Amino acid sequence: MPREINPFAVKTPEGLDAAETTQLFVDVFTDFFKVREPGHSMVNGPRGSGKSMMFRYLEPDCQCLANKCELQQLDFFAVLVSIKNTELNFTEFRRVSDEYFNTVLSEHILTTYVAAKVFNYLAGIEIDPKGEFLGEVATFAKTAVLTRLAICGLPEAVLTDETSSSAIFKSLASVFDIAYRSIVQYARRLSFSVDAPAVYQGPLCGYLDFLYPILCDLRQLPLMPDGPLYLLLDDADMLSESQTRVLNSWISTRTSHEVSLKISTQLRYKTYGKVSSGTIESPHDYSEVNITDLYTTNRGKYLARVREIVEKRLTCSGINCSADEFFPANKAQEDGVQQIGEEIRSGKHEVSGRGYRASDDVVRYARPIYMANLSGSRKSASSYSYAGFEQLVHVSSGLIRYFLEPAALMFSEQQAETSKVPNQISPKIQNREIRRMSDNLMSSEFEKIDEATVSQSEIDFSATKEKLRNLIAALGGAFRRKLVSNAAERRVFSVAFSDAPQSDVVEVFELGVQFGYFQKSAIGNKDGTGRTTLYILTRRLAPYFGLDPSGFAGYLFVTNERLREAMHNPSKLLRKIKERGVDEVLGEERQLSLFE
Amino acid sequence: MNIVSTSLSEAHGSIEAADVFICSASFEDRSTSIPLAVAKENFERTIVAHNQAYSEHVESSRQVLLSHFGSNAVDLELNSNAPLLSADNLFRVVSEQCQQAQRIVIDASTFTHETLLMLIKVCSVLLSETATIEFLYTRASEYSVGDNANDAWLSKGVREIRTVLGFTGSPSPMQSTHLILLAGFESFRALSLIRELEPKMISIGHGSKEESATESHHDTNLTSVRRIRSMFEAVDTFEIACYCPESAMKTIETLISENESYNTVIAPMNTKLSTIAAGFCALRNESVQLCYAQPEYYNFERYSAAAADFFRFSVDSAALKATLLR
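Chains as they are written, first to last, in this note's numbering: chain A, 1 to 596; chain B, 1 to 326.
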């Protein structure tokens with residue numbers, strides 16, 4: 001099968017060269033400035049939110065290219081360490097029942113893994129092409145690294161090649177590679193050691209007594225920049241619990257002025273506990289960055305970011321057009337929406353709760369009226385097209401991956417249809433793929449919610465998962481009814497508690513948040529005495545429920561009792577709404593509504 | 001490793017006597033196809049494995065098999081949710097029942113991919129050098145019975161991705177990952193593996209048209225592969241013989257040797273025969289890692305329909321051990 005170049009295909013950042021990375025990278029550090037600053041950081045966001053790309057861009061080869069400077073002029077020196085499940089978290093390690101030994105082994109494997117990655121990176125970037133610092137590098141290798149390794153139990157480690165600084169770093173990487181593989185060998189011996197677990201007799205290295213001083217000495221080399229060294233640990237969720245506790249203990253050390261740990265997680269970080277008692281805390285031990293929080297609350301910024309990313313990718317692929325041109329909307333539909341907009345301006349449509357300006361009413365009502373005119377049955381509702389760049393961005397719900405993955409499929413489908421490289425994606429294909437994605441979210445993707453990754457270990461998992469499914473169905477259906485009603489605010493995507501949140505209801509929402517079906521924000525509570533949590537249904541479900549993805553303003557205040565009814569009997573609740581109307585059941589008084 | 005296809009009606013007379021017969025109860029009908037067809041008096045002992053994680057769905061088959069083999073049956077508990085328990089029980093039972101055996105017959109049809117690989121590893125460690133293992137495999141005449149190609153599904157969700165016990169491989173932090181996926185219908189599991197492992201290179205193997213049970217399965221496979229390719233860079237595809245382990249082994253080993261600068265991870269999710277091939281490759285080459293994506297749940301009611309024929313081939317235990325010593 002011939003290879004196809006798809007501008008929206010997932011690019012593994014660690015595999016990108018510096019030139020491509022800097023070409024594709026959209027500067028998000030104005031949004032997440034703490035990541036660049038010295039100090040430990042945790043960058044949290046679902047897969048595909050751009051964490052790995054951010055880390056890759058921080059590496060020296062990209063920084064030198066982007067800033068057009070030499071390495072020694074950089075503010076920091078960063079090395080990307082991608083944590084792979086199958087390279088650190090071997091099934092065999094589950095046999096290690098002794099907690100102390102498990103901790104020591106976890107720290108050793110993490111240390112050697114990181115060290116191998118650091119020196120391998122240094123070997124690959126031609127850091128000293130003229131050999132000016134060969135003597136210093138050789139001295140560093142022997143005194144700072146090999147001497148310490150001998151103390152840790154590996155006296156036989158030697159440099160195999162000292163002809164250049166790169167060769168020395170490569171040699172050091174190989175030493176740590178061998179040390180790491182010896183642990184893998186040990187793991188293999190654990191596989192079927194049923195009666196007498198294999199005994200580990202290899203070296204043991206730690207962070208504070210080994211890795212950290214080596215990195216500090218590395219920083220002192222004249223070929224390194226003056227600033228701190230950053231270890232960018234990507235996908236730290238892949239670590240075992242024991243390894244995670246070790247890493248947390250590293251974070252809790254006051255070492256960030258020399259070595260800063262930048263850790264990315266996919267919101268499934270196993271624990272914030274340390275090896276000793278206690279936990280790490282933000283901002284005391286580290287700064288925390290939550291990527292989706294920003295992009296779900298500042299959609300203008302997100303839209304701009306996505307446009308930039310898409311247009312860069314198109315340009316790199318030799319497709320010269322704007323994002324809007326490449327993803328055109330359904331023209332007939334947009335003409336229809338515009339027509340209704342004109343009618344609203346002329347007063348033809350009676351709209352309640354008129355906005356301050358006529359243009360506000362057009363934004364608020366034109367598309368919902370268009371969608372309502374299509375409705376009457378679910379079948380008609382499905383004739384609405386979600387094509388168009390801005391609609392696709394809204395549907396992606398603040399997560400770039402949810403734009404790029406469907407876009408990649410659309411590109412492939414368009415190419416399959418026309419047998420040539422597309423210069424735009426037809427609205428038909430856009431709509432088909434985005435609807436398929438939305439349908440999958442409620443079917444096969446929903447089954448991905450698995451007990452092993454649920455962070456709330458106390459809940460009755462099966463029951464809660466079923467309640468979540470019902471809740472989504474009820475809310476989605478209610479929002480749809482709201483959209484096609486005559487309410488003042490028809491575009492509703494969120495709910496908040498009108499009474500004190502009850503734990504059995506919250507746990508269902510939280511499960512939904514963990515798996516991307518809801519996002520969390522905060523609003524003033526109904527009484528005006530404080531704030532309460534707002535749960536926003538992901539707009540990736542807009543096509544499934546026939547909702548307007550651009551709408552965001554409306555929300556409902558709901559009682560625990562009504563939410564329980566939604567969780568246990570969504571059909572009954574939706575029947576009530578269908579029979580008595582949205583406003584009657586919900587008891588709407590103003591923009592805010594109550595379930596009664 | 002000469003593979004032969006035989007009608008189930010001939011199983012009674014064609015499967016020769018053996019010290020031990022090993023089979024696995026399952027929610028699939030074909031878990032009992034071979035066991036009930038062979039001459040049970042030909043086996044001194046029979047090990048009947050079952051997956052406790054799905055006990056309510058496999059109990060009926062388990063009772064049929066235990067009852068059929070009577071006092072010669074040895075019950076073996078496995079558990080997809082507890083790989084260490086599965087490994088320990090496998091090791092213990094095979095050690096007790098097979099260490100002196102000269103001929104073992106294994107019906108590989110309905111083991112999970114993970115436990116089949118663990119069984120192969122255990123056999124390579126425990127069996128005497130003079131023993132032989134005959135593998136049997138009942139083909140499925142249909143998957144996702146009664147569903148059209150677009151609606152076919154075998155499993156949903158991914159509970160966990162983990163390395164297979166005994167096949168850690170020898171990954172190097174200095175190398176990138178080459179993921180070899182032997183995928184069939186399970187595009188969701190394949191996607192989950194790719195997303196979690198983030199390999200630099202991906203090779204997806206699919207069955208050839210001549211081998212697919214029906215043409216529609218081949219088309220479904222190719223559609224799944226195309227969609228995966230559209231989402232990720234550096235994806236190559238290759239054809240693999242799903243019903244001929246020897247040929248499958250050669251294909252996989254060629255791929256490995258062409259990409260020696262990578263950490264090779266194989267995720268076998270196609271037929272059990274191709275999984276056996278992957279297991280043999282990993283035994284021959286210690287640097288190869290095998291991994292497993294445990295599904296959340298299966299299409300218990302309509303997973304497959306058993307065909308009326310089965311495949312069989314033999315290997316010498318010495319050959320398995322010889323590769324270990326390399």
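There may be inaccurate statements among the hints.
To be verified - No more than 30 angstroms apart at the CA atoms, straight line, and that leaves these computed lysine-lysine pairs for DSSO-like:
#1 B:Lys200 x A:Lys420
#2 A:Lys428 x B:Lys321
#3 B:Lys209 x A:Lys420
#4 B:Lys209 x A:Lys270
#5 B:Lys40 x A:Lys68
#6 B:Lys156 x A:Lys312
#7 A:Lys11 x B:Lys321
#8 A:Lys572 x B:Lys200
#9 A:Lys348 x A:Lys331
#10 B:Lys200 x A:Lys11
Unchecked claim - Derived DEER-like restraints, expressed as beta-carbon distance ranges:
#11 A:Tyr100 x B:Ala82: 16 to 26 angstroms
#12 A:Ser193 x B:Asp19: 33 to 43 angstroms
#13 A:Gly581 x B:Ser55: 33 to 43 angstroms
#14 B:Glu246 x A:Asn320: 50 to 60 angstroms
#15 B:Val74 x A:Ser193: 15 to 25 angstroms
#16 A:Gln502 x B:Leu84: 53 to 63 angstroms
#17 B:Glu253 x A:Arg189: 48 to 58 angstroms
For the record, the hints were derived by calculation from the structure and aren't laboratory data. Predicted model only: the values in this text are computed from it and were never measured. In this text, a Cβ means the ideal position worked out from N, Cα and C, and glycines have one as well.
Results of checking the hints against the structure:
1. B:Lys200 x A:Lys420: It holds: about 27 angstroms lies between the C-alpha atoms, which stays within 30 angstroms.
2. A:Lys428 x B:Lys321: Violated, at about 58 angstroms.
3. B:Lys209 x A:Lys420: 26 angstroms, holds
4. B:Lys209 x A:Lys270: Status violated; Cα separation ~44 angstroms.
5. B:Lys40 x A:Lys68: Judged against 30 angstroms, a Cα distance of about 77 angstroms means the pair is violated.
6. B:Lys156 x A:Lys312: Violated. B:Lys156 to A:Lys312 sits at ~36 angstroms, over the 30 angstroms cutoff.
7. A:Lys11 x B:Lys321: 41 angstroms, violated
8. A:Lys572 x B:Lys200: Violated, because 50 angstroms separates the two Cα atoms, which is more than 30 angstroms.
9. A:Lys348 x A:Lys331: 23 angstroms, holds
10. B:Lys200 x A:Lys11: 9 angstroms, holds
11. A:Tyr100 x B:Ala82: 16 to 26 angstroms: 24 angstroms, holds
12. A:Ser193 x B:Asp19: 33 to 43 angstroms: Given a distance of about 26 angstroms, which is not inside 33 to 43 angstroms, the answer is violated.
13. A:Gly581 x B:Ser55: 33 to 43 angstroms: 49 angstroms, violated
14. B:Glu246 x A:Asn320: 50 to 60 angstroms: 51 angstroms, holds
15. B:Val74 x A:Ser193: 15 to 25 angstroms: For B:Val74 and A:Ser193 the Cβ distance comes to about 23 angstroms; the hint holds.
16. A:Gln502 x B:Leu84: 53 to 63 angstroms: Violated: the Cβ-Cβ distance is about 39 angstroms, outside 53 to 63 angstroms.
17. B:Glu253 x A:Arg189: 48 to 58 angstroms: 25 angstroms, violated
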